[in-house]
Each structure stands twice: as C-alpha cells, then as structure tokens.
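Enquirer: Heads up: the sequence lines are chains A and B, in that order. First residue of the first sequence? That's 383 in this note's numbering, and the numbers climb one at a time after it. First residue of the second sequence? That's 185 in this note's numbering, and the numbers climb one at a time after it.
Hints may be right or wrong, so weigh each one.
Unchecked claim - Below, a list of computed lysine-lysine pairs in the DSSO-like style, where the Cα atoms sit at most 30 angstroms apart:
| no. | chain 1 | residue 1 | chain 2 | residue 2 |
| --- | --- | --- | --- | --- |
| 1 | B | K206 | B | K261 |
| 2 | B | K206 | A | K439 |
| 3 | B | K253 | A | K391 |
| 4 | A | K439 | B | K284 |
| 5 | A | K439 | B | K233 |
In short, the hints are calculated from the structure, not lab data.
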Amino acid sequence: DSGVTQTPKHLITATGQRVTLRCSPRSGDLSVYWYQQSLDQGLQFLIQYYNGEERAKGNILERFSAQQFPDLHSELNLSSLELGDSALYFCASSTTVEQFFGPGTRLTVL
Amino acid sequence: AQSVAQPEDQVNVAEGNPLTVKCTYSVSGNPYLFWYVQYPNRGLQFLLKYITGDNLVKGSYGFEAEFNKSQTSFHLKKPSALVSDSALYFCAVLSSNDYKLSFGAGTTVTVRA
C-alpha cells in the first residue's frame with residue numbers, strides 16, 4: 383500500500399459526459415501528479431500540482447482540468463468524454479524525486 | 185525532451201534463472217532513473233532509483249539496477265527470478281531540468297515454474 387488513495391475505483395459513463403476523479407496523497411506529500419495509462423498510448427504524464435499550484439503540464443487535453451485543494455487532495459475533471467478517454471487514471475504523490483502511485487481509477491466511456 | 189526505450193516487449197525466464205530487463209534513456213541535464221512494477225489491476229510500485237553515487241543500485245524484492253552513463257542505460261536485474269516476479273515493469277527517467285517523469289512502454293516479464 384503506497385498511502386495514495388484514489389476514488390472511485392471504477393467509473394462507467396457515456397460519451398459527452400463529465401466525471402471527476404479524486405486523489406488523496408500520502409501524508410506530508412505536497413506534490414500530486416496525474417497520469418493516464420491506455421493500451422495505445424502507454425503511461426502518459428498529464429499534470430503536476432505542488433502545494434496547490436500547477437507546476438508542470440504534460441499531454442493533457444483541453445477538455446481535462448485538475449486542481450489541488452488546501453488539504454492537498456486533488457481532483458481531475460474530464461469533460462465532453464470520448465470513447466478514446468477510456469483508460470486507467472493514476473495519481474501519484476511525492477516529497478522527494480520518487481513518486482508513489484495510487485491504485486488508479488478505471489474509466490470506461492460507452 | 186526526455187525519452188525512455190524498453191526494447192523488449194516481453195521477457196521470459198525460468199524460475200531460478202537470472203532476470204534482466206533492459207532500459208535506455210535520453211535526457212538533457214542529469215538523469216534521475218527509476219524502475220516501477222505493475223501487477224494486474226494494481227497501481228505502480230516503486231522498486232528502485234538512481235540519483236547519484238554508486239552505479240549499482242539495490243531495491244526492493246532482490247532487484248538491482250546498474251546505471252551506465254556512457255551507454256545511457258539502466259538495466260534492471262535479479263540474480264534468481266521467482267514466479268511471483270511475473271508482472272509489467274516500467275523504466276522511467278526524470279530530468280533535473282523540468283522534473284517531468286517519462287515512462288518507457290513497459291516490459292512484460294513472465295517467470296515460468
């Protein structure tokens with residue numbers, strides 16, 4: 383158990399809908415990262431927050447957004463969902479350089 | 185921009201034999217290198233890291249990795265593989281310039297009894 387929690391574990395929704403994925407980092411970690419894992423794209427870095435501020439952006443679509451709250455939990459919002467957004471979404475947190483990953487949220491868009 | 189190559193999609197070994205999973209990287213700035221393992225329907229588990237210092241790094245579950253700067257490689261090794269080592273292994277690199285973590289495509293390791 384990494385200490386990073388993610389909810390929900392599974393999410394099934396329809397195209398065009400909007401969903402919110404939630405992540406609680408390990409105690410004391412200020413950095414939160416979001417990743418997307420799909421069969422065709424592999425593991426892709428989406429975005430990083432540090433103590434509430436956006437620090438780095440990766441391959442994140444404009445339809446996706448994230449934020450980190452004062453209690454350091456983070457949410458990833460996915461809107462106007464498409465079939466191709468079906469994937470595993472991971473959150474990770476860190477204090478130093480190594481990142482610790484949550485169990486992921488499996489999103490299925492029908 | 186940094187990148188990671190894992191040239192083998194699959195590695196198959198017999199239990200008790202040595203296991204090697206290959207990784208090469210490209211990065212500007214000093215590399216921070218990592219290995220993660222993913223079991224089915226689970227998140228990634230951190231195995232080991234290279235930041236600086238000794239080129240041979242020891243990690244969890246008996247795994248080790250050797251940093252080779254001239255060959256830009258960071259191969260993962262285990263002297264004697266177990267069936268329970270069967271999983272998906274990811275190599276990752278983080279640049280000291282922008283701290284973005286880039287992953288390789290992953291190598292599926294199968295250890296047969």
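Enquirer: Now, for every hint given, state plainly whether the structure supports it.
Expert: Evaluated hints:
1. Taking the CA atoms of K206 of chain B and K261 of chain B, the gap is near 9 angstroms; set against the 30 angstroms cutoff, the hint holds.
2. A distance of roughly 28 angstroms separates the Cα atoms of K206 of chain B and K439 of chain A; the hinted pair therefore holds under the 30 angstroms criterion.
3. Taking the CA atoms of K253 of chain B and K391 of chain A, the gap is about 40 angstroms. The hint is violated against a cut of 30 angstroms.
4. Restraint check for K439 of chain A and K284 of chain B: satisfied, since their Cα atoms lie roughly 8 angstroms apart, inside the 30 angstroms limit.
5. Straight-line distance between C-alpha atoms of K439 of chain A and K233 of chain B comes to about 23 angstroms, which keeps the hinted pair within the 30 angstroms bound.
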